[in-house]
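Trainee: Below are the chains, spelled out letter by letter.
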Amino acid sequence: MVTASTLMETRSPAPNLRPTLPAAEAGRPAAPAAPAGQILIDIDHVDFFYGASQALHDINLKVEDKKVTAFIGPSGCGKSTLLRCLNRMNDLIDGTRVARGSIKIRGIDIHRRDVDVIELRKRVGMVFQKSNPFPKSIYENITYGLRLQGVSNKARLDEIVEKSLRGAALWDEVKDRLHASGLGLSGGQQQRLCIARAIAVEPEVILMDEPCSALDPIATAKVEELIHELKTRFTIVIVTHNMQQAARCSDKTAFFYMGRLIEYADTQTIFMNPGNPQTEAYVSGRFG
Amino acid sequence: MSTELSAGHVFQARVTLAQRWEQACFWLFRGATYLVLLCGAVVFLNIFVKGSRTVFQPTAPFINTAFFTESPESLHVFVWQGKKMEMGDREHRAFVAQHPEAAKIKTEDYVYSAGGIFPCIVGTVLLVVGSMTIALVLGVSAAVYLNEYARDGTFIRFVRLAILNLAGVPSIVFGLFGFGMFVLFFDWNVSLIAGWFTLAFMVLPVIITASEESLKAVPKGFREGSLALGATKWQTIRKNVLPYALPGILTSSILGIARVAGETAPIMFTAAYVVRDKLPWDVDKFSDFFFQGVMALPYHIYVVSSKIPQNEYTERVQYGTAFVFLLIVALIATTSIVLRNHLRNRYKW
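Chains as they are written, first to last, in the working numbering: chain X, 83 to 370; chain A, 45 to 393.
Hints may be right or wrong, so weigh each one.
[Said to hold, decoys possible] Once the Cα atoms are required to be at most 30 angstroms apart in a straight line, the calculated DSS-like pairs of lysine-lysine come out as:
no., chain 1, residue 1, chain 2, residue 2
1, X, Lys212, X, Lys149
2, X, Lys212, A, Lys329
3, A, Lys260, X, Lys218
4, X, Lys245, X, Lys149
Honestly, the hints are just simulated from the structure, not real lab data.
In isolation and in its complexed conformation, chain X is listed as follows (with noise of 0.2 angstroms):
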């Protein structure tokens, strides 16, 4: 199990943000063998910044290939930014940066200079914490990010609407009107659509900020049921507030509290026997 203190001596020298990828490679021990458990995202040492103030407090979390891992901790912790890093969604907000550290995905640093944004955008999706289907029809949802892509055959978008809403869970509640107004479903439905949305263009990795916190129960259930079924074929990564929520659909849970990762292990194990005081604290409901 490769927890964040036993890679602490990856660290890579590079002060700035595009750190030369050989000589961190060259650093690197290589990827276990196992497919599962390799690595697919490594977040080295990282330190954000919101203009002056930090966000993050070097972070390092190394996420696993076809895991789910979640991000928990109260308000304000840093779990979304981190989050929002990892497809460089913060590039929106102005005055942000990452000061210090890499992230790499597949070995590579995603602020390399020749890294096209959009085509990271692409590998590793989103759904955010706010459903936000487009004002379009749910077909034209699920096509739009493919259409952008330039498929415009209407047989191979038919088939991949199927899949994708199949592979969200929604295709029977929707496949009689799929050319009615995605904002016509109830709001489990809409945060569904969003991640049939997301699957569609096939990502490696699908990131979510917290995608039940406007869900009842029920709904809720739903996704979690899904998240089980989406880590056979994505790596997943979960912002949650919902602390039973990470332990019923996490492999590995990550415990962020004022802008620090305080601990990183099999969610297991910050579950029933966490090493650190604060997460036990936090996670026994004791603060947060």
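Based on the hints, put chain A in the right spot on chain X.
Mentor: Chain A alone, transformed into the frame defined by chain X:
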């Protein structure tokens, strides 16, 4: 007295100072509203009543079609066989040709008091369509840049301030600017294109400010959702932001249309002719179309109200033109509103 009142129940109504103020303020606000309504009604009724004498007629087809389809011409008034005759210039020439003895009769002539205002209608429509096209293209592009691309900084704040200041510039100053810039410096002379740009610059601040507001009203989630699917910024704006901002942008441009159609000062040096016999499409080559002056409704009202001797006949033209003018602005505005509502229903969230 107080003892009698306090004898009542807990919720006993009593007249207090606050209640008097309440009443006074209520009537003040209500009165102000009705006063405004009254003023508006008087203005519209005045134009409607006086203008309808010119625009409508008691015999079929009940609408004075000549007023809409002919050019302005002089009115000749004379006495013929004991009867008072009123004739437009063309009619009078034909009459004289028929009755040569009529040529000797002395006529009273009133310029622009006969015929119609067709060239002015055409000119105004051309000015509105052209300048709004330029203003929308420039304004929406600028708004997209300011709201979607530009990072907030001193420079951008300065640009916004400059745009707001531009909105406060009097229209006659825009006229002077257009005259100096387009008519003289670019050597476009008094022409449609000079008028288009002058008017466009005048409404630009309104369009930019309102477009920015409409863009801001589009939820951030639409942009993030699109970008997270691997869309470029422009793809996001084109497919997922602009369509939803369009109804708001159109609403603002409706106000712009009324202003562009109505302003006299910016076009009097740049685009408007007092009178022009040729219609805008009577041009030798296509490029000449842009470099010709036109007649325009507001300028025509100005000319017939202040540049020619006033009499009972000029009033007909003045109010007739004003009436038609209001009709046309209302027509263009209605079209935009219908279009906007159509878009709003299509792109609502």
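Trainee: So which of the earlier hints does this model not fit?
Mentor: Of the numbered hints, just 2 does not hold.
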